[in-house]
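Here the protein sequences come in this chain order: G and C.
Take the first sequence: its letter number 344 is residue 344 in the UniProt record's numbering, and every next letter is one higher.
Take the second sequence: its letter number 83 is residue 83 in the UniProt record's numbering, and every next letter is one higher.
Be a bit skeptical, because a hint or two may be false.
To be verified - Listed next, the in silico BS3-like pairs over lysine-lysine satisfying Cα-Cα at most 30 Å (straight line):
#1 G:Lys639 x C:Lys251
#2 C:Lys484 x G:Lys385
#3 C:Lys251 x G:Lys663
#4 G:Lys425 x C:Lys222
#5 G:Lys596 x G:Lys639
#6 C:Lys222 x C:Lys360
#7 G:Lys385 x C:Lys305
#8 C:Lys251 x G:Lys425
#9 C:Lys214 x C:Lys197
#10 G:Lys642 x C:Lys93
#11 C:Lys491 x C:Lys520
#12 C:Lys305 x C:Lys93
#13 C:Lys32 x C:Lys180
#14 G:Lys385 x C:Lys545
#15 G:Lys385 x C:Lys590
#16 C:Lys138 x G:Lys663
#17 C:Lys389 x G:Lys20
#18 G:Lys642 x C:Lys138
#19 C:Lys222 x G:Lys20
#20 C:Lys214 x C:Lys305
#21 C:Lys251 x G:Lys642
#22 C:Lys169 x C:Lys180
#23 G:Lys425 x C:Lys590
#24 G:Lys663 x C:Lys509
#25 G:Lys338 x C:Lys545
#26 C:Lys138 x C:Lys214
#27 G:Lys93 x C:Lys389
#28 C:Lys405 x C:Lys383
#29 C:Lys32 x C:Lys51
#30 G:Lys20 x C:Lys321
To be verified - The calculated label-pair distances, taken between Cβ atoms and stated as ranges, are:
#31 G:Thr98 x C:Tyr462: 54 to 60 Å
#32 C:Pro431 x G:Leu86: 46 to 52 Å
#33 C:Ile455 x G:Thr98: 27 to 33 Å
#34 G:Ile40 x C:Thr140: 40 to 46 Å
#35 G:Gly558 x C:Glu298: 36 to 42 Å
The set of hints was computed from the structure by calculation and includes no laboratory data.
Beta carbons: idealized from backbone N, C-alpha and C, even for Gly.
Residues per chain are reported as follows:
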Amino acid sequence: MIHEFDPYFNYRTTLFLTEKGFYEFWNWFDSESWYPLGRIIGGTLYPGLMVTAALIYWALRFLRFFVHIREVCVLTAPFFASNTTLVAYFFGKEIWDTGAGLVAAVLIAICPGYISRSVAGSYDNEAVAIFALLLTFYLFVKAVNTGSLAWALGSAFGYFYMVSAWGGYVFIINLVPLYVLVLLITGRYSMRLYIAYNCMYILGMLLAMQIRFVGFQHVQSGEHMGAMGVFLLMQVFYFLDWVKYQLNDTKLFQTFLRITVTSAILVGGIALGVGTASGYISPWTGRFYSLLDPTYAKDHIPIIASVSEHQPTAWSSFMFDYHILLFLFPAGLYFCFKRLSDATIFIVMYGLTSLYFAGVMVRLILVATPAVCLISAIAVSATVKNLTSLLRTKQKVSQTGSTKGAGSSKASSKVTLDQSQPFQKNGASALLVGVFYLLSRYAIHCTWVTSEAYSSPSIVLAARGAHGNRILFDDYREAYYWLRQNTPTDAKIMSWWDYGYQITAMGNRTVIVDNNTWNNTHIATVGRAMSSNEDEAYEIMRSLDVNYVLVVFGGVTGYSSDDINKFLWMVRIGGGVFPVIKEPDYLVNGEFRVDKGASPKMLNCLMYKLCYYRFGELTTEYGKPPGYDRARGGEIGNKDIKLEHLEEAYTTSNWIVRIYRVKPPTNRL
Amino acid sequence: MKQSSVVVDLLLLLLTISVLTTPAFSDLVLSKVERRIDVTSQFARVTKSLKVVNPGSESVSEFMLTFPKFLGNNLAYLSVKTKRPLANLSVKKADPKGIPDSISVYSVALPKTLSKGDSLTLEVVATFTNVLQPFPEKITQGEIHLVMLQESAQYLSPYTVESQSLSIKLPNARIESYSKLENTKLQGSELKYGPYKNLPPFSYSPIVVHFESKAAFAVAEKLVREIEVSHWGNVQVTEHYNVVHRGAQLKGEFSRLDFQARPNPRGVSAFRHLLARLPPRAHSIYYRDDIGNISTSEMQSDSKKTELLIEPRFPLFGGWKTFFTIGYGLPLSDFLFASEGKRFVNISFGSPMIDLVTEKIIVQVVLPEGSKDISVTTPFAVKQSQEIKYSHLDIAGRPVVVLEKNNVVPDHNQHIQVYYKFSNINLLSEPLMLISGFFVLFITCIIYTRADFSISKSSPTYLAKLQWDEVVATLQEVQSIIQKCLAAHDKLEASLRDLSRTGDIQTCKAARKSTDSLLKDLSKELKPLLAFLQSSPSASHISPKVEELVVKEKELQEKLMAKHTTVVEGYEKKSSGRDIENRIASQQQKIIALRQEIEDLLEFIDEI
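Excised from the complex, chain C in its bound form (with noise of 0.2 Å):
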């Protein structure tokens, strides 16, 4: 189908510059034409360098650039340069009277006027997608696969070409046939046509060339290029592909035997992997898609760059599609920078794979929160509109500039430009509103814990509660009282040793008595307390017990104000050491089982 149009395309084309009698163009005259078409990849980047003279005696200031119209409307890319002075020049679309609607035509404005025998060569370069048309158009996956080019052996132009040359540079591979015109030659790779000289305007002579090519026809039918600036320090870019094999479609089966057969794999038609050549200092680079994270990629960098190999899932055959994500962070020194009180993000704009097609890119430049005057410079004409998008602790959202276009070749890869004003201080509110609210947070576990939220202060159970904390507080007293008390015996027991050792019976009564006083005082504040528990009801339970340990209490107090007395009555009288201690061997047994009961008991109420 497609093919038999375009063949009709080309016929109509001939008929209608077969009646155009009348050039409506100055008279300008090209005398050198050099054309060069590189088709080694999936489209076809043309070269031309253009020597244009001005023989008539107007001036001229405007060059027309003509493309049949089948390959003008895949033109993706149009650059026109001249080399001295060295200058890019402005092309727009021109769509003048008289020309036939087979040809569309670009007008490029001249840097100097052209005035009588003044010459200019022009650099052009044009990318062209989709003109590398597969034929057949659906394969098997043993065959190779061919494609079409169709183009012009004579330069198409409104002006009078004195002299030309084409030179073709195939793919390093079969080729199956190619238009024989005059002066054809193929060396190699390389098939040239020309010289050809002193040809009329609007002279053509379709060629056709059928040939094999090797390269991925890899074409992304859309791109979301997302490039999120965090003045943290990072650039974030996330890039989803759909990308789909865009090369003869594969018909029949695909038999994994035959792809992966050794010595002679069958399958030379797919691609199997894409490269992408990301800036230096990328970092935590993953690559992944709607099912999660893919392992077959590999990455090599070094300072000049960084390379990510990346192998999607299957083999992309004729047809077949594949969707992916990927994503790197960028130092931000290296993308941001300011200039007259404003700051820009400088970022390449298509996609970092080689040799990709995009048929429509989409990029997003969020900005952080809180950006204002935003402005976009680009090379070359895109569409452009802005959002909102919300991210993690935004209130007001992050203004996003969106910035599509259509047809996009590696050719674009160059770089824009998004201005925009933002105070440092906005930085600070999304760690302050982190800290705020822990700081609520933990004010209000603080006060829920702290207050009395019960709604009655009169019903049965909260009283108990009050109650039975009062009882817990007291039951604490005695707990320390008893403590006490108990580190005044060891007072006692110590000083009894201290006799033993030095005799001197004057500080043992003095310790006596400094520990009879602190024991009355314990004693004396030990009673209301007790008589508290003893009334209290929700203390029933426990007041035996806390009784049980008072009275054993000052039982071992007795015992051993006994065996302080006995002993120190024993050095008074100068007695043996070995009588005293039979002595009091039957009070020490009692101490010491006396003792433990206390600890128990205490190890009881602890338990409460």
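If we strip away everything but chain G, and leave its shape as in the complex, we get (with noise of 0.2 Å):
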């Protein structure tokens, strides 16, 4: 079963693309989303993702296993991951030694900040980029090391796999050159770094420029001019050397270095400039400025800042994901430090900045998991190294004691004398179990993690009941397949665009705004008819031809990720585009609640009325009125709703998911 919001509509592309072939899903123009403006699929997504089902698909047709589409989509990211598991090995044995290589892939084969996107079903872009990530770097790191262009070539490809499934390729094209300008600038350059960068930049843009959601970004948007300008630098490197080489005199060659240097900054600089002057440069974009600065987003775009995976990350969450491994990591840059190569500078940088990118949004710990794993296997495989060693050194000195014991006890005293420290042999072997223990309980956690956070479907709610026994709520598909059973197929949906991408993928119908959020007005919108009052929302809905409502709701089932605990992103996303629609409005004192306090705009938005309706005659817990929201703990404050323009058309079994029909409009007279 696939899982979340976004798996659904990349199945749902998926087995367009194998029932219709490749050029149709390139051409693809969607109008089931995005109602009435339609979606231009094939140039608006990474298709990476999908093709390597497909491919996957086909090739298991040719060799005569006839699975499903679904079949292979769910457990394409399972089967990623075990490749990435390969990956880390070969790059741990690169950057490091085999034993670290083994333990990283151990490391990466178990951590919870990998599996909670790599699980069966969670059928995502992440899921094959991570890989390409990795085998990306992994490749760039052995290119440097060998100076070899057919890895260079390898990682060039590889980046473009990245490029064609994931957006957080930009990691990648800006890490990469920040690595080449620290190799730069610690006087690391050689012929191999130059070969290894020029190689991959080249090619590697060239290649992603086929892409065609990423176009000519590699040359024209502020994310991509870094590597631009170290690609330049590592040419104006190059020349120097040459010039040095040619002019055999350090005198005159360092007045050339300084003016050349400076013409070729101010080169630079003036080029930017005017790039970003003219237009040619498109300037940073939002996403990226709210990873450098974690509070531009909160200000400025509140539709980012509203979906919590783009939540700056609680330490909490990083010990859930990493646990010992959070630990390690210190250790493990200890490690690097002592043994500086050019590898290891670059694992260090990589996981410096996934870290710093992690702790600002939640979701991007996935990308510093790898880096995370490598450099705790390198603690963990170094030190267990030098404790075995210890201890066989120790083993092999005191056999050799004893051998001649019997004839000599004074020479096996002074065996014991050259020992360096007292206790070794202990010592080292208590620090072994505890080694041991660690990664024993690291192995009990992420079980634990997995099977309780990460293996369930969100989309269906697990509870437990009174007597401990297990309870599932499936309203979600219950209330999909509703509409997919018994609405006009021509029907349109309005709801809040979290669910936009299962109703079309589960439901099979159009739907006004979805999970895929490019453009902001039409949320608004959406957010704007959810907080007016009946008649406004109606003109509305109207005006967008709506003929559902979808709202979620979790007052009687406690369910707390509902639409009116989600409200005021809506008012927030909706006054930002309509100044008619003020946050102060909604709430009372600054405070936000649903009860008989509740400011009377409140009470009579559509959002409230659709999810409160004949709530008030229901009585949801022993001992409470009835009307008692148990999701917000409190009494609601309008339990005589009255709706005018809309019928309720269906509500699921446990009252998660509300549908209500927008009645055609009555006749005047």
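Work from the hints to combine the two standalone chains into their complex.
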């Protein structure tokens, strides 16, 4: 079964790809989403994941395995996760030794931070993207270490795959130049580096331009300018090297160096300035800004801030996802600095930058996971290796001591004097036991987290009943299936954008907005409709040709991520475009409430009415008055809700999803 | 609309019957007709017992069954039997002249010709779908579901009927109204008309019964049953249902509050469950739809049957639809039999759901790949065709027998037989294919790793690689020789220890001699290897270490020999143990240090 929101869209597009073929897919205009605008699917998605799944599907069919495309989609993520562990092994081997590689593979195989996106059914871009990311980095480091064109070429193709799969490729195209820059500054410039970077950058860029969604961004957008700058800098370095060789005179070279460097920087700066001013080079996007400055999104783009995945990470979730890796990471950094090489510099930079981004956005924990695993693996492997070598030499010495111990007791006493520290053997074995204890705790933690948090799809909610038995709330699918079966095929559904992909994929109906948030105004219109009173909302819904309205309501079950709790974001996003909607109107003394003390605007807005329609007659909890909202723990303020333009069409068995039909306009007299 | 058209139909029928003057049929007489109509479910099941007497002179071998057209069009199942002798009679649709269009006629071939005075009792079972018309056609959630049945109080027949009666079994619920004719009685939920005596042919008096129905009006618009036979021991049945509630349509709101209200839930016209009675020993049952597994189903099984109670994702009100799939495996031995060199699958035709009407059923029997000479026998007429289906590891595809039939009711749940020929050797083809696939894969891997695929045999990198391989091999040899040396040293030490224990100088000397010669041989072997390492350019960074190793080893040898000599001399001179120990103490220390160094060097070389 397919999880969450985005995977449904991916599944739908993959299905389309396998049914209609690649060219149809590339030119697909989807009229089922973003009604009445529609969406050009081929040009607005990263096709890597779908193409991968389709290729696997076709390959299996060629081999006479007649599987369903859904089965391929569900298992794509675990398959690529297993490939990632292989790459992690080779990467570890490249930067440290085989032991570190092995430990890295083991760590990443069970790390919850990665499992969260690689369980079966999590058919999302990240599933293949992390594999592509690690592969690109591995091949690049290998290219830098060997100076081989072949590896650099491989890395360029890895980059191409990454670009085709996920928007996170921006991380690669910024980290790699940054790494090269650091190597240049620390005086580690070499021919190997020159070959690796140039080949990877030029080819990677040209290949990436083939993806329509990315297009010419590599030469036009501000986010990709760093890579180009470093590329030019490399040429300057190479040129200087050549001049130095030709001139053979230090003094002359020094002046030459000064002139060229200043002029190069000047020319580069002017080009960038002119490009930006003329609009040829686009400035950084909001998402990029919000990464560098965590407070940016809150002030400027509420739609990004409203997604829980984009919130800054709490300490607890670091602990939850990394467990002991969090402590092993600094230790690994220590080992890396102790044995600095081109490769360890890379992993250190990768680790530090990605960990910073993970701190800014919860979902980027995923990007940091491979780096954290690798560096921790270095720590574990180096420690264990040191300890065991201590134990082993000690044993040898004591063996040789004992062989002639019968003959000479003095000699053996001298041997013990040779040792640098007392109790070395005991200490080493105690530490070893400690390491294994930690690692086993890690394994236990990972199993627990995976079974508790990441195994069940969030579309089916589970709770414990009074007798400890498991109760399943399958209301989402109940509602989507009802829509699929019992509404006209051309019905348009209005809901908050979170549910858009699911409605199109499971309900097979046209939606007004969905999870691809490219048009802020359209989403704001829906937010405005939800926060207006019924008459105004009806006008908006008529203009959007809406037939059904779907709201998610947790008041009966106590499900807290429902539309009432998301409502302030709707107000904010709606208010961001339509100043008619003002956030303070919905608050009472800066407080959001739904009970009798709520503001009148709140009590009469469409969202409130749709959620609480006839809820006032229902007794949800024993000993509480009717209309007691279990999600917010209070009796609702408006129990007598009359709907004029809408009627209840369906409500799921636990009231989680409520669907309303928009009535046709009444005849004018 | 529908309602009125039916009424018009009725009027037309009456008119035509009244103008009908000359009965064009033989002079059979029905001496006794008992009709019983069961409308407790969504379809009307009519059982009739007709006593046929031939008073005329001509013998008769054909009997005509007639229905009003509006019923005849909805006839799903018709069977005619005689009790003595017990036989199924063949029935076919007839179109005799002189019968108006508003009457459907079926002709029954009698088991024996009826000559004058003979009589025969026919048992007729007919099932009609769509004859319980919801009225009103649209109801709200709170209203009860009322339906209407139209029939004739008198049996419509081309023959004279001497005595007849009709009883209608209604569900145990409210009865809104019914036509009151003479001799009409309502007993509980049973409505009785008659007896009526001596009615002429084509007597007809319409009745209408309006009552509440609590039955689930579940109709499968389309049902696809796929029965896949695997000779590995399983029959896999997969059924795809498009179910719709064909009762009165829901109008207005659906309120969950009212639907779940206690103690008076509103929504009696909806149904929530469907019950499937599967064959015994059904296993691995699943219940899913387009968007995943549905967790609301219960299963009970005993040795006679397996009952599966499934609950669709949402309750079905009038006009609501749903789609779902159930699947189950059955043991092959219960369904596959052999006869006369052929095998046949004997399996039930219709849906296992209780009281489900199927508008269109498609049964696909998938036979194993390589089946031949396929033929089908069915107890009633169906449309047949053949297809090919591809499943895992199929090359030629599996033959599929496709049977189609419209308007299927539970009476159609009879067994069909699919005969085919299949040789057991075909069973092995797929495992063999898999085995050979893996075999080829591994063989290619072996060849790839063992063979040399470099394009240019003279390129510097290739040569360097060859050289490096040689160096590594040499290094390994050197290592093994050094290890042997160390082992020899250990032996020497052991002999010294023996000496201190036994005082046997001769054996000790002998040990010394053998070790000496062994060490000499080893050092001879070592020489060419060292020379090679020194000459090889790719070993330039290792050879100093190796040389150091060899030098250290030599030193160790010398020290050990010296120690040995000292100790042996000491024993020969009969010096005290302490004395000897003192003398060798300094040597001993050096030996240990050297040994440690050698081991470190070995480890270092090991890591290269």
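These are the hints, each one checked on the structure:
1. Using a Cα cut-off of 30 Å, the hinted pair Lys639 of chain G and Lys251 of chain C holds, with the two alpha carbons roughly 25 Å apart.
2. Proposed proximity of Lys484 of chain C and Lys385 of chain G is supported: the alpha carbons are some 28 Å apart, at most 30 Å.
3. Only pairs whose Cα atoms come within 30 Å are accepted, and Lys251 of chain C paired with Lys663 of chain G is accepted, the gap being roughly 13 Å.
4. With a C-alpha separation of about 77 Å, the suggested pair Lys425 of chain G and Lys222 of chain C falls outside the 30 Å cut-off, and the hint is violated.
5. For the proposed pair Lys596 of chain G and Lys639 of chain G, the alpha carbon gap of about 10 Å is at most 30 Å, so the pair holds.
6. At roughly 5 Å between alpha-carbon atoms, Lys222 of chain C and Lys360 of chain C fall within 30 Å of each other, so this suggested pair holds.
7. Among the hinted pairs, Lys385 of chain G with Lys305 of chain C is inconsistent with the structure: their alpha-carbon atoms are about 64 Å apart, more than 30 Å.
8. For the suggested pair Lys251 of chain C and Lys425 of chain G, the alpha carbons sit about 84 Å apart, so the restraint of at most 30 Å is broken.
9. Our distance criterion of 30 Å between C-alpha atoms is broken by Lys214 of chain C and Lys197 of chain C, whose separation comes to about 35 Å.
10. Restraint check: the Cα-Cα separation between Lys642 of chain G and Lys93 of chain C comes to about 59 Å, which exceeds 30 Å; the hinted pair is violated.
11. The hinted pair formed by Lys491 of chain C and Lys520 of chain C meets the criterion: a straight-line CA distance of about 15 Å does not exceed 30 Å.
12. At roughly 37 Å between alpha-carbon atoms, Lys305 of chain C and Lys93 of chain C are farther apart than 30 Å, so this suggested pair is violated.
13. Restraint check for Lys32 of chain C and Lys180 of chain C: the C-alpha separation of about 23 Å stays at or below 30 Å, so the hint holds.
14. Restraint check: the Cα-Cα separation between Lys385 of chain G and Lys545 of chain C comes to about 23 Å, which is no more than 30 Å; the hinted pair holds.
15. For the given pair, Lys385 of chain G sits about 29 Å from Lys590 of chain C by alpha-carbon distance, which is consistent with the 30 Å threshold.
16. Taking the CA atoms of Lys138 of chain C and Lys663 of chain G, the gap is near 18 Å; set against the 30 Å cutoff, the hint holds.
17. Restraint check for Lys389 of chain C and Lys20 of chain G: satisfied, since their Cα atoms lie roughly 21 Å apart, inside the 30 Å limit.
18. Between the alpha carbons of Lys642 of chain G and Lys138 of chain C the distance comes to roughly 24 Å, so the proposed pair stays at or under 30 Å and holds.
19. Among the hinted pairs, Lys222 of chain C with Lys20 of chain G is consistent with the structure: their alpha-carbon atoms are about 26 Å apart, no more than 30 Å.
20. Taking the CA atoms of Lys214 of chain C and Lys305 of chain C, the gap is about 26 Å. The hint holds against a cut of 30 Å.
21. For the hint linking Lys251 of chain C to Lys642 of chain G, the alpha-carbon distance of about 19 Å falls within 30 Å, and the restraint holds.
22. Note on Lys169 of chain C and Lys180 of chain C: the hinted pairing holds, with a Cα-Cα distance of about 16 Å set against a maximum of 30 Å.
23. Taking the CA atoms of Lys425 of chain G and Lys590 of chain C, the gap is about 24 Å. The hint holds against a cut of 30 Å.
24. Taking the CA atoms of Lys663 of chain G and Lys509 of chain C, the gap is about 115 Å. The hint is violated against a cut of 30 Å.
25. Restraint check: the Cα-Cα separation between Lys338 of chain G and Lys545 of chain C comes to about 25 Å, which is no more than 30 Å; the hinted pair holds.
26. For the suggested pair Lys138 of chain C and Lys214 of chain C, the alpha carbons sit about 16 Å apart, so the restraint of at most 30 Å is met.
27. As the CA atoms of Lys93 of chain G and Lys389 of chain C are separated by approximately 48 Å, the hinted pair breaks the 30 Å bound.
28. Simply put, Lys405 of chain C and Lys383 of chain C have alpha-carbon atoms about 6 Å apart, close enough for the 30 Å limit, and the pair holds.
29. Taking the CA atoms of Lys32 of chain C and Lys51 of chain C, the gap is near 5 Å; set against the 30 Å cutoff, the hint holds.
30. With a CA separation close to 28 Å, the supplied pair Lys20 of chain G and Lys321 of chain C stays within the 30 Å bound.
31. At roughly 25 Å, the beta carbons of Thr98 of chain G and Tyr462 of chain C sit outside the given window of 54 to 60 Å.
32. Between Pro431 of chain C and Leu86 of chain G the beta carbon distance is about 29 Å. The supplied range of 46 to 52 Å is therefore violated.
33. Between Ile455 of chain C and Thr98 of chain G the beta carbon distance is about 29 Å. The supplied range of 27 to 33 Å therefore holds.
34. Checking the proposed 40 to 46 Å range against Ile40 of chain G and Thr140 of chain C shows it holds: the Cβ atoms sit about 44 Å from each other.
35. For Gly558 of chain G paired with Glu298 of chain C, a C-beta distance near 27 Å fails the hint of 36 to 42 Å.
In summary, the numbered hints that this structure violates are 4, 7, 8, 9, 10, 12, 24, 27, 31, 32, 35.
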